Amino acid sequence: MNIIVCMKQIPDLQQIRIKERKPVLEGVPLIFGDMDKNALEEAVRIKEKMGTGKITVLALGPAKLKDTIKEALAIGADEAVLLIDPAFAGSDSAATAKALAKAIQKMGGYDLILCGEGSTDNYSGQVGPRLAELLDLPQITYVRELEVADGKIKAVRNMEESFEVVEADLPAVVTVAAEINTPRLASLKQILQAARKPVQTWTPADLGLAGDAVGAKGTAVEVLSNLAPETARKQVVFKGELDEVIGNLVDALIKEGVLGR
Amino acid sequence: MEKMDVVIVGGGLAGLATAYCLADEGLAILVAEKGDFPGSKNVTGGRIYLNPVRDLFPDLWDEAPLERHVVRERLTMIAESSSTTVELRSDRFDQAPYHSFTILRAKFDRWFGDKVAEKGAFVIPKSKVDDLVIQGGRVVGIVADGDEIYADVVVAADGVLSLMAEKAGLRKGREPKHYAVSVKEVIELPRQTIEDRFNLEGNQGLAQLFFGALTKGMMGGGFLYTNLESISLGLVVGIKALMQREPKLEVHQMMEDFKQRPEVRPLIKGGEVVEYSAHVITEGGIHAMPKLYGDGILVVGDAAGFGLNMLMTVRGMEYALASGAMAAQTIKRAREKNDFSAATLSCYEQLVRDSFIYKELQTFSHVLNVLENPRLFNLYPKVFCDLLEKLMWIDKEPKQKLSTTVLQELRGNLLNMETIKDAFSFLKI
Amino acid sequence: MAEILVFCEKDDVALELISKGKEFKSALGMSLAAALLGQGAAGKADDYFAYGADRVYVSEDAALVPFTAEAYAEALYQIAQRHGAEVLLLGSTKRGKELAPRVAQKLEAGCITDANSVRVEDGQLVADRYAFGGNTVATGAIKTPQKVIAVMPKTFALGAREAKKGEVVDAALSLKTPRTRVVERKEKAGEAVNLEEAEAIVCIGRGLEKKEDLRIVEELARVLGAEVGCTKSLSTDWGWLSEDRLVGLSGKKVSPRLCVSVGISGQIQYTVGIRGARITVSINKDENAPIFALSDYGVVGNLYEVLPRLTEKLKSL
Ligand SMILES: Cc1cc2nc3c(=O)[nH]c(=O)nc-3n(C[C@H](O)[C@H](O)[C@H](O)COP(=O)(O)OP(=O)(O)OC[C@H]3O[C@@H](n4cnc5c(N)ncnc54)[C@H](O)[C@@H]3O)c2cc1C
Ligand SMILES: Cc1cc2nc3c(=O)[nH]c(=O)nc-3n(C[C@H](O)[C@H](O)[C@H](O)COP(=O)(O)OP(=O)(O)OC[C@H]3O[C@@H](n4cnc5c(N)ncnc54)[C@H](O)[C@@H]3O)c2cc1C
Ligand SMILES: Nc1ncnc2c1ncn2[C@@H]1O[C@H](COP(=O)(O)O)[C@@H](O)[C@H]1O
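Chains as they are written, first to last, in this note's numbering: chain P, 1 to 261; chain D, 262 to 690; chain X, 691 to 1007.
Here chain P stands alone, though its shape is the one from the complex:
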């Protein structure tokens, strides 16, 4: 069983602050997206359960990936393929999916491709379905329970009004929802040991892609602006003796005219 897990490196959103309506990324730690970690965890569980298999993490992004990947390898991936090249910079979902698909084809021999339901920063949910189309595979999205046996998968999907149980033959693309599992944390020892696991870095040329077919040049959507909305809240904070605090709050709400129906 060969599982490929697609993981996106993103800035830790909890540490982002906004300055002049733009996010400040300098100094913000880079991590893998939440649901991508769920996807990896699921792969590790499948492998544990089956007792055999290989997990490859595939990630496209800036050079810092070489650091970030250590944690994924420590958690249980067997090897990693990193798509790192200046030409990849500025990829959107379409350009990312194109490069990831080429990499997956180059690797070959896959049974299951796992993605997050959406990346933690963009949450656009495009890469999984686009990969499925590019590789001509069935797609199963929003998965909260997954079972793999006899070359088949069975999944429970979390839809708006229902839980939908679906089946497909492998290979397939599956995108997982956050509730599928709780990802484990890597221990220091596992991180040290992971240093011996193979990591390959591929460029557009390795994928047979021209430099202008990938990254910013290969995008399908032009971003015209990307700014934080202006929200000015009053930020009045009451603390101290409870009765007084509640009195103050209620007075303020009365003045604002938001009490009463």
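Calculated directly from the structure, the hints in this document are not laboratory data.
Worth double-checking, as some hints may not be accurate.
In the DSBU-like style, the derived pairs of lysine-lysine whose C-alpha atoms are separated by at most 30 Å in a straight line are [stated by the list, open to error]:
hint	chain 1	residue 1	chain 2	residue 2
1	X	K878	P	K152
2	X	K833	P	K106
3	X	K844	P	K22
4	P	K189	P	K64
5	P	K189	D	K264
6	P	K189	D	K380
7	D	K389	D	K501
8	D	K643	D	K530
9	P	K64	D	K295
10	D	K368	P	K66
11	P	K102	P	K217
12	D	K302	X	K975
13	P	K106	P	K154
14	P	K49	P	K106
15	P	K239	D	K509
Note that the coordinates shown come from a computational prediction; the quantities given were computed from them, not determined experimentally.
We have chain P already, so just place chains D and X with the ligands on it with the hints.
Frame of chain P, contents of chains D and X with the ligands only:
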């Protein structure tokens, strides 16, 4: 079994310096840092003096992400409703190689960590070391996330409250008097505003220290450093004084009051607080030093108590860097002998004793007692500011001779046994 | 003539898209069509015409029942290619959101999902969506000749019905049996709650220790005349409240007069959902919780002490 040559606990300056100096030797080195990245939890003011450490790390300083080189030094004495500031501006300070820089550790340590990793060491963030592995009285490894990781030698570089030194039995007990608490904010302002507000050009910087009424009679003081695009503003208060004080005061409230002082408010106006942090500082100097080595272990930087607080200048970064270099030197020697016993590692203490670290700590060893004197924070700033205020004031009445005013003020406030005793104690600094 | 092609498996959303599509149609000089796919599709045509569709493509092909992204993507692809659709306006429901990128990939087109505003600027369609986890709003324009935009439900208002007729076209699809097989569908216990319309909302987060304690939250909500909303764990992970009550990036974006966030830290994926509230109040025991910076009024305190007292005080008014 996971075995490294050297495990360093703590990726601050001391730990990273140790790793940096050893990494070239092709050793398997692990730096375990509990923060999100090296420097992520650091509170340092700060400013660093390069002369003591420049030659220890010759390749480091050219591209190091330092902030501004300090050319203006201000000292502000604060009384309740007045203050006096003296300022030194010096050409000498403005000549390369510059003697001191302001520094943001979150930036610097992260970069330093990357450098160390480039040289082949493992710098692993988000990993907290919980314990040492001690076998037959010697330290042979560490425990993290329940796993044991072995090493020929462990370097305790885990900062001021070093758990490792304690676990190794090198530090026995602590005294509140040897520690201070501090809070610091980083306040972002446009580069140009900083330069206009503080009379700076290009990468010139300013350091300003405050003492007096802001600590309400307690040992401590305030600091302000200009970074490239922010200001570091902070407050240091002795823990003992804080514990003894009635009614109790909250340090963060003191910080708020400090920011509202007319001496400070206009300097930070319009800035956005982008970081707030609190930390403990060693004040103890030579008195608070643990044993510096044991079988299989060395203690460096703040963990070893290498810090000096002279009222409002906190120093520790040069000591951290230099002690790291000395620990590395010691480890290289121990490897040659393939002997990591206390006997071999003891040469680390000798290196420290022969260096500026120990000498400075010794020279200023009386500082703490002097600094505990509350008059330094309430009486003297007040007397001095009152005197100047009177000298400068013109009233309806004819002004009296300046010398008369001076004498009256001094006689009234300063000529008594206590203050004379103080004068002698200050001479010891 | 180039076409705008509308599709959503939920007819109410599709009709919202058609209502707005009329505007795009005249601004872009295109005609407005819709795809009606699956069981009972043909019977819906008149509704679609009444809201403004010029033409509908109908298929009740067996491969389209039940819904699979694979079959629906192929269906839309065939219709778009045969009839020259330049713009595909889909609903960003869960199904729409997995469908849109797959069709887009077939068309080698750019795609924007979760759009919460779409408009014509300088003769081209631009769409807004949240980015950076909700920290920012990204405005994008699709560069490829064909464009796929999946729009969040309720982004556009339903227009007025008109007595209008249009053309019914047999989509004449050739579809393969989809490779994913739906084995079973377990309906969720639905709840009639509409947070988007609520005048006041009390949202509860992970500060709540156990499900039984919801009672104190509901009591406060009652005196405020508010609905109860929640953060992610309470609905998707723990199932204490239904997903209709989830507020945030993957839940509802609400705009009440008053929104009270209780025991919620204020991570961006939640706060993006309450941006539209007129007055925001938060109650949290950690005075450094980021939620306070995004609140008009904050109370630092334990929710187990604050809520009962606040409820009591409000009752006494
Ligand atoms: C407010 C303030 C202002 C200061 N101003 C100045 C100044 O202007 N100039 C100056 O020279 N000095 C200043 N100092 C002192 C200076 O910060 C320290 O002397 C210096 O940082 C010491 O470096 P270090 O590497 O020994 O310790 P630290 O920099 O404290 O590094 C210790 C590291 O160990 C990590 N750690 C701790 N425990 C563990 C564990 N169990 N497992 C893994 N990692 C662990 C910590 O996260 C930390 O990163 C100031 C200090 C403070 C608090
Ligand atoms: C792609 C993506 C989409 C997401 N979409 C959503 C979404 O739509 N909606 C959503 O909510 N989340 C969403 N999340 C999850 C989100 O990132 C946060 O994990 C979630 O909002 C946190 O919920 P919380 O504030 O309740 O919990 P926490 O962050 O755990 O905060 C709990 C708070 O309660 C306080 N507290 C604890 N006890 C008490 C007490 N006794 N009294 C008072 N206060 C107390 C604590 O101080 C703390 O601040 C999404 C995440 C991702 C990656
Ligand atoms: N740059 C990337 N590298 C690897 N995987 C990615 C990348 N971007 C997105 N993915 C995968 O695609 C999923 C959906 O991403 P998105 O389409 O951006 O919402 C993520 O959860 C990842 O599993």
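Cross-check of the supplied hints:
no.	hint	verdict
1	K878/X to K152/P	holds (26 Å)
2	K833/X to K106/P	holds (28 Å)
3	K844/X to K22/P	holds (28 Å)
4	K189/P to K64/P	holds (21 Å)
5	K189/P to K264/D	holds (10 Å)
6	K189/P to K380/D	holds (20 Å)
7	K389/D to K501/D	holds (29 Å)
8	K643/D to K530/D	holds (26 Å)
9	K64/P to K295/D	holds (19 Å)
10	K368/D to K66/P	holds (20 Å)
11	K102/P to K217/P	holds (17 Å)
12	K302/D to K975/X	holds (23 Å)
13	K106/P to K154/P	holds (27 Å)
14	K49/P to K106/P	holds (27 Å)
15	K239/P to K509/D	holds (18 Å)
The structure shown violates none of the earlier numbered hints.
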